[in-house]
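2 protein chains.
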Amino acid sequence: MRCRKCGGKPAVNMPQHKLALCKDHFLEWIPEQTERFITKYEMFSRQERVLVAVSGGKDSLSLWDILHRLGYQADGLYIGLGIDEGIGYSDESRRLTEAFAAANGLKLHVVEVEKETGQTIPQLARATTRGRGKPCSVCGLVKRHEMNRIARDLGYDVLATGHNLDDEAAVLFGNTLTWSGEYLLRQGPVLPGTPGLARKVKPLCRIYEREMTAYALLRGIEYIYEECPFAAGSTSIYYKELLNKMESDRPGAKLSFYLSFLEARKSGLFAQREQVQAELHPCTNCGQPTSAPGLCSFCRMKEKLAPTVEGRA
Amino acid sequence: MRCRKCGGKPAVNMPQHKLALCKDHFLEWIPEQTERFITKYEMFSRQERVLVAVSGGKDSLSLWDILHRLGYQADGLYIGLGIDEGIGYSDESRRLTEAFAAANGLKLHVVEVEKETGQTIPQLARATTRGRGKPCSVCGLVKRHEMNRIARDLGYDVLATGHNLDDEAAVLFGNTLTWSGEYLLRQGPVLPGTPGLARKVKPLCRIYEREMTAYALLRGIEYIYEECPFAAGSTSIYYKELLNKMESDRPGAKLSFYLSFLEARKSGLFAQREQVQAELHPCTNCGQPTSAPGLCSFCRMKEKLAPTVEGRA
Numbered sequence: 001m002r003c004r005k006c007g008g009k010p011a012v013n014m015p016q017h018k019l020a021l022c023k024d025h026f027l028e029w030i031p032e033q034t035e036r037f038i039t040k041y042e043m044f045s046r047q048e049r050v051l052v053a054v055s056g057g058k059d060s061l062s063l064w065d066i067l068h069r070l071g072y073q074a075d076g077l078y079i080g081l082g083i084d085e086g087i088g089y090s091d092e093s094r095r096l097t098e099a100f101a102a103a104n105g106l107k108l109h110v111v112e113v114e115k116e117t118g119q120t121i122p123q124l125a126r127a128t129t130r131g132r133g134k135p136c137s138v139c140g141l142v143k144r145h146e147m148n149r150i151a152r153d154l155g156y157d158v159l160a161t162g163h164n165l166d167d168e169a170a171v172l173f174g175n176t177l178t179w180s181g182e183y184l185l186r187q188g189p190v191l192p193g194t195p196g197l198a199r200k201v202k203p204l205c206r207i208y209e210r211e212m213t214a215y216a217l218l219r220g221i222e223y224i225y226e227e228c229p230f231a232a233g234s235t236s237i238y239y240k241e242l243l244n245k246m247e248s249d250r251p252g253a254k255l256s257f258y259l260s261f262l263e264a265r266k267s268g269l270f271a272q273r274e275q276v277q278a279e280l281h282p283c284t285n286c287g288q289p290t291s292a293p294g295l296c297s298f299c300r301m302k303e304k305l306a307p308t309v310e311g312r313a
Numbered sequence: 001m002r003c004r005k006c007g008g009k010p011a012v013n014m015p016q017h018k019l020a021l022c023k024d025h026f027l028e029w030i031p032e033q034t035e036r037f038i039t040k041y042e043m044f045s046r047q048e049r050v051l052v053a054v055s056g057g058k059d060s061l062s063l064w065d066i067l068h069r070l071g072y073q074a075d076g077l078y079i080g081l082g083i084d085e086g087i088g089y090s091d092e093s094r095r096l097t098e099a100f101a102a103a104n105g106l107k108l109h110v111v112e113v114e115k116e117t118g119q120t121i122p123q124l125a126r127a128t129t130r131g132r133g134k135p136c137s138v139c140g141l142v143k144r145h146e147m148n149r150i151a152r153d154l155g156y157d158v159l160a161t162g163h164n165l166d167d168e169a170a171v172l173f174g175n176t177l178t179w180s181g182e183y184l185l186r187q188g189p190v191l192p193g194t195p196g197l198a199r200k201v202k203p204l205c206r207i208y209e210r211e212m213t214a215y216a217l218l219r220g221i222e223y224i225y226e227e228c229p230f231a232a233g234s235t236s237i238y239y240k241e242l243l244n245k246m247e248s249d250r251p252g253a254k255l256s257f258y259l260s261f262l263e264a265r266k267s268g269l270f271a272q273r274e275q276v277q278a279e280l281h282p283c284t285n286c287g288q289p290t291s292a293p294g295l296c297s298f299c300r301m302k303e304k305l306a307p308t309v310e311g312r313a
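Chains as they are written, first to last, in the working numbering: chain A, 1 to 313; chain B, 1 to 313.
Please keep in mind that the hints were generated in silico from the structure rather than gathered at the bench.
This one's a predicted model, so the numbers in the text were calculated from it and none came from an experiment.
Treat the hints loosely; a few may be bogus.
All copies of an identical chain are treated as equivalent in the list; a pair is satisfied when it fits inside any one copy or across any two copies.
Below, simulated DSSO-like cross-link-like pairs (lysine-lysine); rule was C-alpha separation at most 30 Å, straight line [as the list claims (entries may be wrong)]:
| no. | residue 1 | residue 2 |
| --- | --- | --- |
| 1 | Lys107 | Lys304 |
| 2 | Lys5 | Lys143 |
| 3 | Lys18 | Lys134 |
| 4 | Lys240 | Lys18 |
| 5 | Lys5 | Lys134 |
| 6 | Lys134 | Lys302 |
| 7 | Lys266 | Lys115 |
| 8 | Lys134 | Lys245 |
| 9 | Lys9 | Lys107 |
| 10 | Lys302 | Lys40 |
| 11 | Lys18 | Lys115 |
| 12 | Lys23 | Lys9 |
| 13 | Lys134 | Lys9 |
| 14 | Lys304 | Lys5 |
The shape of chain A in the complex, shown without the other chains:
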């Protein structure tokens, strides 16, 4: 197979699209596709201010690169988690994110969880009962809260994350195995904003992980190769492996699973959202919308921690 656009030497072969492309055309194609999905799902316009959540990984740095090249007003937000685990994971990912921002003249906001809460993510996880020894649940909660806070306080219209198709298909797969109604009704390329919460979008949601890796490598983006050291053994990795098996048996299986879900939901397969989703109220401390009465989960966690700061030493 040769590059479909110029007949040149192919750099990336995508059996699920029956498409091969040379390096230059692949580096054009990924932003074109991203632009197509931004438009199709009405994610944002060039007049809106976009905050990209960047972790230092291939997906989020590539997303920032793509949005910048496409001419969107996209600033970055890096959230320092304080994860070291002997490999300096957070230090290295911050360094790579700052280097990328500097090299491209982009504006980057940095939030350190330890500064905001007094503890790093691993310390928070040990100090709470969330997540049974794994910090992933606490980490998700803190990141969501900080992203929402910065977007609101700095007046961004949209929060963009680097979730790729493999991420989205794995989450959908997990929610389907348990038939988690609330999540099935919400998951998608766009989560509309509500008073106090910026719209959330996933411009890479239809692009395979493997293609995002190829993009970052071919574009020469320096990103952190290591997965988060706490990700090993997670259910999302398990679901990704199952989906990879299906994909290798039937190229396109992941994309078709995700797209047919979006299509079925749009055609009215599910009950109206109002009937299932819980009502939201502003948190009495931070003002972010929450389904719990009183404090949101983040502020409840912080409140519990307040008297015990020994983890900080």
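With the hints as your guide, set chain B onto chain A.
Frame of chain A; chain B shown alone:
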């Protein structure tokens, strides 16, 4: 692990239920479970006449055995498909079904597809464009039609099939990967009757395939060991393999997938059926309900075949 009821030597160990049972208690337990599901899902009463679709396989013969032991009015229906493929598949399955009925003094109806349509299933498959070379699609259509016809003509209230949990989970998995709304809304332990169509029930839908094999073996039921020769390479076998992998990684995964689906649907996850399902009309030839105007799929197939009987020779 010992038998939970008597502490005796275990014959069947069921990690997904954290349960082991000796032969005698297992042979009691499976009918008890079946009775529980018949009641829970309001499948039928002892006053109703049940027609069991028996293929000569372990599931349907065991179901018939169980319903008979539980004191239900259950007659059998064997549909001869005319599948030989060098192993005398249909002949052998008919012989085993008739032997089971005779040994237990049960009433068995026999329908031969070749007598009804002039052709065997493999011939019908070759003569139509359905199923791209595989007879499974034609076979399903013909079996459904004949089961419905006999149930209606002989005045049965209910049609019971031997689908086990593995069958149901695989079908659900397939319908979920493609998000086939119509099927997701219909699949379940009970499909209510409509004018001209008997209620359809699956009393074994929560029992693992492996347990049904154990039941047939321990009960000494002689059943046909071979799978249908046309089943090899089918998508349902592929989905069963994937589910088996999940089950072996996480015992109970299949059951939880199926049950959480039923639960979510009951709790109103999906839109009301009327909004999605097509309206049904009686077929102008056979009177069975169909979504197509005029003839049903079965009668359309027969009409197309009428002029060409060369396949019969």
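Status of the hints after comparison with the structure:
1. Lys107 / Lys304: neither (35 Å within a copy, 69 Å between copies)
2. Lys5 / Lys143: Neither way: Lys5 and Lys143 sit 41 Å apart in one copy and 51 Å across, limit 30 Å.
3. Lys18 / Lys134: So Lys18 and Lys134 pass the 30 Å test across copies only (26 Å; inside, 40 Å).
4. Lys240 / Lys18: This pair counts as both: shortest intra-copy Cα distance 22 Å, inter-copy 28 Å.
5. Lys5 / Lys134: Neither: 47 Å inside a copy, 38 Å across copies.
6. Lys134 / Lys302: For Lys134 and Lys302, the Cα distance is within 30 Å only inside one copy (18 Å; across copies 62 Å).
7. Lys266 / Lys115: Neither: 42 Å inside a chain and 46 Å across chains, both beyond 30 Å.
8. Lys134 / Lys245: Both. Shortest intra-copy (27 Å) and inter-copy (25 Å) distances satisfy the 30 Å Cα cut-off.
9. Lys9 / Lys107: Intra 36 Å, inter 70 Å, cutoff 30 Å: neither.
10. Lys302 / Lys40: Answer is neither: 40 Å inside a copy and 46 Å across each miss the 30 Å cutoff.
11. Lys18 / Lys115: Answer is neither; intra-copy 49 Å and inter-copy 47 Å both fail.
12. Lys23 / Lys9: The answer is within: 8 Å in one copy meets 30 Å, while 65 Å across copies does not.
13. Lys134 / Lys9: neither (45 Å within a copy, 40 Å between copies)
14. Lys304 / Lys5: Neither. Shortest intra-copy (59 Å) and inter-copy (47 Å) distances fail the 30 Å Cα cut-off.
Going down the numbered hints, you'll see the structure goes against 1, 2, 5, 7, 9, 10, 11, 13 and 14, while the others check out.
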